[in-house]
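S.K.: This is what each chain is made of:
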Amino acid sequence: MNEELSPEDLLARVARQDVAALGELYDRYAPRVYGLIVHVLPARDDAEETLQDVFMRLWNESPSLSQEGGSVAAWLVAIAREAVVDRLRASRKNAPSLGPHIYSTGPEKASETVARKSKTPPLPASNARHLERIGEALKPRPANGVKNPAIRPVSPAVLPRPKEITLIDDRLGLLHKAIKELPKQQRDALELAVFGGLSESEIAVETGEPLAKAQRSLRAAVTFIKHRRRAVCGTWAANI
Amino acid sequence: MGCQHLEELYELWLLGALSEQNATDLRAHLARGCPYCLTRVREAAETVYILGLAPKPTRPHPRVKAELLRQISRKTAPHR
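So the protein sequences, as listed, match chains A and B.
Quick note, this note's numbering runs 10 ahead of the 1-based positions in the first sequence.
Quick note, this note's numbering runs 1291 ahead of the 1-based positions in the second sequence.
Heads up, a few of these hints could be off.
Restraint-style ranges between C-beta atoms, simulated for each label pair [said to hold, decoys possible]: (1) Arg1323(B) - Leu184(A): 35 to 45 Å; (2) Lys1366(B) - Lys223(A): 47 to 57 Å; (3) Arg26(A) - Arg1350(B): 43 to 53 Å; (4) Ala1357(B) - Glu71(A): 14 to 24 Å; (5) Gly1293(B) - Lys190(A): 32 to 42 Å; (6) Lys187(A) - Ala1357(B): 34 to 44 Å; (7) Pro220(A) - Pro1353(B): 19 to 29 Å; (8) Lys194(A) - Lys1366(B): 39 to 49 Å; (9) Gly218(A) - Pro1326(B): 37 to 47 Å.
Residues from chain B that face chain A, not an exhaustive set, calculated with beta carbons under 7 Å [to be verified]: (10) Glu1302; (11) Ala1308; (12) Gln1312; (13) Ala1336; (14) Leu1359.
Just some of the chain B residues that point at chain A, by a computed CB distance under 8 Å [what the hints assert, rightly or not]: (15) Leu1297; (16) Pro1326; (17) Tyr1327; (18) Val1332; (19) Gly1343; (20) Pro1346; (21) Thr1349; (22) Pro1353; (23) Val1355; (24) Lys1356; (25) Glu1358.
Bear in mind the hints are in silico, worked out from the structure with no lab data behind them.
For glycine and all other residues, C-beta sits at the position ideal for the given N, C-alpha and C.
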């Protein structure tokens, strides 16, 4: 396979049922997608099956995805996150913990913080309830005057463009370093939202913090990373 | 329409971290095609992409790819 082909060129080939092109996209992106999956689903069988599901979806949805012009890498990461959330929901009886704590540099994991502070039932059970609600909330619902009632967080319409993702990929190490600069409370909130799939109110319950404080932590963390991205990728001349 | 008040909600919506009411309202607003918000959400998806890639890349066993491609080849093979 030609090394010069962009992911989007490869996607166009996949849309024409080119199995080798899918294999090439797999070689390029499977390690990062699998890294995300296995972080949330440590059981190898579940993780491998989810990885295959993600690439099977890429195969099946490639014709429409190719027409939209969004980034293949961003789509794969968004779909992988959606897939692990679906898996957690399906296995709600034995939902896994948050896994290794990525964002914190300290010895305590977010799940340990939760265990220490929580006045509520353990994370896995409430996590599963929350994931069920997320799934429900994301179902397309018709509404008067709505042009596209099926718009969802993983819709191709809201995917970043390939050019932006290339810029980010070149600076990913720097951007991840910024995450480690966050105060611990903010990193924990981020971990619970990104890899635990928890909402602001559930983060508040799980950490035993008032809702306003949990919201402030999560929103401050997200805003910090957003500003860093703009500064590092040159899309915003912020002096931070 | 001034949508600046939605500025800090886009990433949270993509993450599924908003309350159900806020998520429903934002989704309905986007579905009406607000160009400002669609651009901002696309930008927010870049931040979510960064966050999702924080775990260390992990190489899956080669068998996983082989099985995947076998399944796909079976799907695409002409029926006899």
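S.K.: Under the criterion of a CB-CB separation shorter than 8 Å, is Val1332(B) in contact with chain A as hinted?
M.R.: 5 Å, holds
S.K.: Per the CB criterion, is Gln1312(B) less than 7 Å away from chain A?
M.R.: 10 Å, violated
S.K.: Per the hint of 35 to 45 Å, is the separation of the Cβ atoms of Arg1323(B) and Leu184(A) within bounds?
M.R.: Between Arg1323(B) and Leu184(A), where Cβ atoms are some 37 Å apart, the hint holds.
S.K.: Using the Cβ atoms, figure out if Lys194(A) sits within 39 to 49 Å of Lys1366(B).
M.R.: 48 Å, holds
S.K.: Within 32 to 42 Å or not, the Cβ separation of Gly1293(B) and Lys190(A)?
M.R.: Given a distance of about 35 Å, which is inside 32 to 42 Å, the answer is holds.
S.K.: Given a cut of 8 Å on the nearest C-beta pair, is the interface hint for Thr1349(B) held or broken against chain A?
M.R.: 4 Å, holds
S.K.: The hint says 19 to 29 Å between Pro220(A) and Pro1353(B); measuring C-beta to C-beta, is that right?
M.R.: With a Cβ separation near 50 Å, Pro220(A) and Pro1353(B) fall outside 19 to 29 Å, so the hint is violated.
S.K.: May I ask you to test the interface hint for Ala1308(B) with respect to chain A, counting a Cβ-Cβ separation under 7 Å as satisfied?
M.R.: Since chain A brings a Cβ to about 5 Å from Ala1308(B), closer than 7 Å, the hint holds.
S.K.: For the range 47 to 57 Å, tell me whether the beta carbons of Lys1366(B) and Lys223(A) fit it or not.
M.R.: 51 Å, holds
S.K.: Determine whether the Cβ-Cβ distance between Gly218(A) and Pro1326(B) falls within the hinted range of 37 to 47 Å.
M.R.: 41 Å, holds
S.K.: Let's test the interface hint: is any C-beta of chain A closer than 7 Å to that of Leu1359(B)?
M.R.: Hint holds; Leu1359(B) Cβ to chain A Cβ min 5 Å, cut 7 Å.
S.K.: Pro1346(B) was flagged as interface toward chain A. Is the shortest Cβ-Cβ separation under 8 Å?
M.R.: 4 Å, holds
Comparing the model with each numbered hint stated earlier shows that hints 3, 7, 12, 15, 16, 17 and 22 do not hold.
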